[in-house]
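Asks: Those protein sequence lines, which keep their order, are chains L, W and H.
Every position in the first sequence, counted from 1, becomes a number in our numbering once 207 is added.
Every position in the second sequence, counted from 1, becomes a number in our numbering once 11 is added.
Every position in the third sequence, counted from 1, becomes a number in our numbering once 45 is added.
No wet-lab data here; the hints were simulated from the structure.
Accuracy of the hints is not assured; some may be wrong.
Lysine-lysine pairs mimicking DSBU-like chemistry, simulated, CA-CA at most 30 angstroms apart [as the list claims (entries may be wrong)]:
id, chain 1, residue 1, chain 2, residue 2
1, W, Lys204, W, Lys265
2, W, Lys265, L, Lys294
3, W, Lys265, L, Lys323
Being a predicted model, the structure only gives us computed values, none of them experimental.
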Amino acid sequence: MWTWFYRLASPPYVYGLATALTPWLLAGAGLAIAAGLVGGLVFAPPDYQQGDAFRIIYVHVPGAFLSLMVYCIMAVAGAIGLIWRIKMGHAVAVASAPVGASFTLIALVTGSLWGKPMWGTYWAWDPRLTSELILLFLYVGVMSLRSAFEDSQRGDRAAALLAIVGVINVPIIHFSVQWWNSLHQGPTIAKIGAPSMPGSMLWPLLAMLLGFALFYGAVLCMRLRGEVLNRERQSTWVREAVRS
Amino acid sequence: MTPGSAQGTGVGPARGDAAGSVPGVAESPAPGAGVGTFGAAALIMRRELRLSFRRPEHLVQPLVFFLIITTLFPLGLSLQLSQLRDMAPGVLWGAALLSSLLSLDALFKSDADDGTLEQLALSGQGLTVIVIAKTLAHWLVTGAALVLVSPLVATALDIPASAFALMMSSLALGTLTLSWLGSIGAALTVGLKRGNVLISLIVLPLAMPLLIFGASATERAISGTSAAGPLYLLTALCVLTTTLAPFAASAALKISLD
Amino acid sequence: MDGLSVERIHVWRGERHLLRGVSFALAPGQLLQVSGPNGAGKSTLLRAVCGLTRPEQGEVRWGGTPIAAVRESFLAQLAYAAHEPALKGDLTALENLHFAVSLRRRADTAELGSCLERTGVGSCAELAARILSAGQRRRVALARVLALRAPLWVLDEPFANLDAAGAGMLSAILREHVEAGGAALVVAHHELAVGIATRRLELAP
Chain L
208 MWTWFYRLAS
218 PPYVYGLATA
228 LTPWLLAGAG
238 LAIAAGLVGG
248 LVFAPPDYQQ
258 GDAFRIIYVH
268 VPGAFLSLMV
278 YCIMAVAGAI
288 GLIWRIKMGH
298 AVAVASAPVG
308 ASFTLIALVT
318 GSLWGKPMWG
328 TYWAWDPRLT
338 SELILLFLYV
348 GVMSLRSAFE
358 DSQRGDRAAA
368 LLAIVGVINV
378 PIIHFSVQWW
388 NSLHQGPTIA
398 KIGAPSMPGS
408 MLWPLLAMLL
418 GFALFYGAVL
428 CMRLRGEVLN
438 RERQSTWVRE
448 AVRS
Chain W
12 MTPGSAQGTG
22 VGPARGDAAG
32 SVPGVAESPA
42 PGAGVGTFGA
52 AALIMRRELR
62 LSFRRPEHLV
72 QPLVFFLIIT
82 TLFPLGLSLQ
92 LSQLRDMAPG
102 VLWGAALLSS
112 LLSLDALFKS
122 DADDGTLEQL
132 ALSGQGLTVI
142 VIAKTLAHWL
152 VTGAALVLVS
162 PLVATALDIP
172 ASAFALMMSS
182 LALGTLTLSW
192 LGSIGAALTV
202 GLKRGNVLIS
212 LIVLPLAMPL
222 LIFGASATER
232 AISGTSAAGP
242 LYLLTALCVL
252 TTTLAPFAAS
262 AALKISLD
Chain H
46 MDGLSVERIH
56 VWRGERHLLR
66 GVSFALAPGQ
76 LLQVSGPNGA
86 GKSTLLRAVC
96 GLTRPEQGEV
106 RWGGTPIAAV
116 RESFLAQLAY
126 AAHEPALKGD
136 LTALENLHFA
146 VSLRRRADTA
156 ELGSCLERTG
166 VGSCAELAAR
176 ILSAGQRRRV
186 ALARVLALRA
196 PLWVLDEPFA
206 NLDAAGAGML
216 SAILREHVEA
226 GGAALVVAHH
236 ELAVGIATRR
246 LELAP
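The following block holds chain L by itself, in its conformation from the complex (with noise of 0.2 angstroms):
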């Protein structure tokens, strides 16, 4: 366990793994997302009440959910970056920024266009949304801090510091939006991604979470690998790959 953990410190480790992951996680993010499309689109009934206007949630929850997860994963990186001096820990964490405010904005996005029918307007300050919004912003506060150093060593390890003091304050962010909510708003209609959902309109939501997950890894690894290059440039493995 633990070499494991100190070879995934050594940057021509990392860049290896990441190289021989990708095609397969593309791979299977393919086939998941390809599954799940067909399955929400052509095989799940309609929403008695929404009609195909719910189809949309297999695009805004998976989307939703792995802005979530990748935040996460970008604070216990910058952590791990952070609390052992370990590089490839803020590799990870730069890599992952702008895939978990891609993800956060698709479900911006996809959220909204869902609420026209809905709601008929576009924007009616939905719980849910607006904490996706305000995590928008923290992102955008991580990712320009770490631009705004000159020297990236200090910028990825102020970057890490904002990011766990987020994570710290997302579910806060969550729990005050929600209750904001409750006070200014009755109810609001048929919630995304109700629990009590029919299998055939379940399964597909859950493949495009699995491929929405293993896209992430996917680009992630790529990312990973034009990082660890740039930071490595320097050293002679770096040289030699490139000469080779």
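Go by the hints and put chains W and H onto chain L.
Replies: Then chains W and H, alone, in the frame of chain L:
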């Protein structure tokens, strides 16, 4: 060696008076001798307050900013006085958060720019103590001052006097919490040339819960219903940040000083 | 071993590998001059010695123990003067000194005054630091080093902004400090005319 044993006589010492001005290795003071953690915190706070009062314009500017923002809204919305009261909590809290944030940028930056932050870090006192003392002093001259002028703004926004006590206590809790959050942001951006936009970008999303609970407490105070719920939540946030933020901010300072 | 020892420290600043395995030892009663062209890492070396910058490799030891392990007692014996004089412009020279010393021990105003006298700025004690000239600010910063009564001095270009008389004063102070058993690590570009044995550490660019 007692302070001033040789030095006392050495006012205007001869050049050769070596023993007087330069102590030997063995005579160095013990770590922290005479100054405990609380003593050091009190010293730093006193220095901060003295520095603030030597620059009164820095004290007044955030307060004027607070007044200006609260003037913007009624002018921009051209509301009836009765409608103003509905907007008041949000306007008051938004303005309070923005104007406290305005001065947070300088919390560590002014010391970092003239090199005194390094001297503080090497004074043998922990960075956490330094963060706590500086943040509390900062809150006293901005947050607490803002709480004191808030009745003025509240009157202009048609908030009844009966709500002042609750409004002011919620603002006190809220601005203190914001100062702690801001100390993290200020510590993270201390080494950057243009950190003042960035600090808002970092801190404001973290401060959203504050705005929600604070404005709600004020709103309930105005309508005369029990404000206990949001006030408890605000207190919880304040306790949480008071315990955690100094450690986060000192870790951030360490990164910035490196 | 006694005193300061720096063992093969490496410091990177982003892309640049500033310090490449710098080692030296500084025992009580020794003066070590650090010199080298601009950008050679002199200030970075001094910051690493003080523990402000953590080297990626290597160790800074005080009395044989890594400074991180004896941080408090190490800092109590250290007086560091950075390139900038580190004074609050809105405080008087005396207040600046008083604050710096009080964080470590009870400060005595008469003693602080004598330190200012010693560096030739006794008449500026009650003046706000912001109206002092660059040379006077340097002298106040040197008075702070004196007032801290620390056995280890780490001075970054202390001769900058000083006139001839000031340079003579600083040389005399350095000699007294070292002869009384203190150690000093000094960044200076010119040959030090201190009148005692001076070792020199040349940093390559």
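Asks: Would you mind marking each hint as holding or not holding in the structure?
Replies: Evaluated hints:
Under the criterion of a C-alpha separation no larger than 30 angstroms, the hint pairing Lys204(W) with Lys265(W) is consistent with the structure, at around 18 angstroms. At roughly 18 angstroms between alpha-carbon atoms, Lys265(W) and Lys294(L) fall within 30 angstroms of each other, so this suggested pair holds. For the suggested pair Lys265(W) and Lys323(L), the alpha carbons sit about 48 angstroms apart, so the restraint of at most 30 angstroms is broken.
This entry does not satisfy hint 3, going by the numbered hints stated previously; all others are met.
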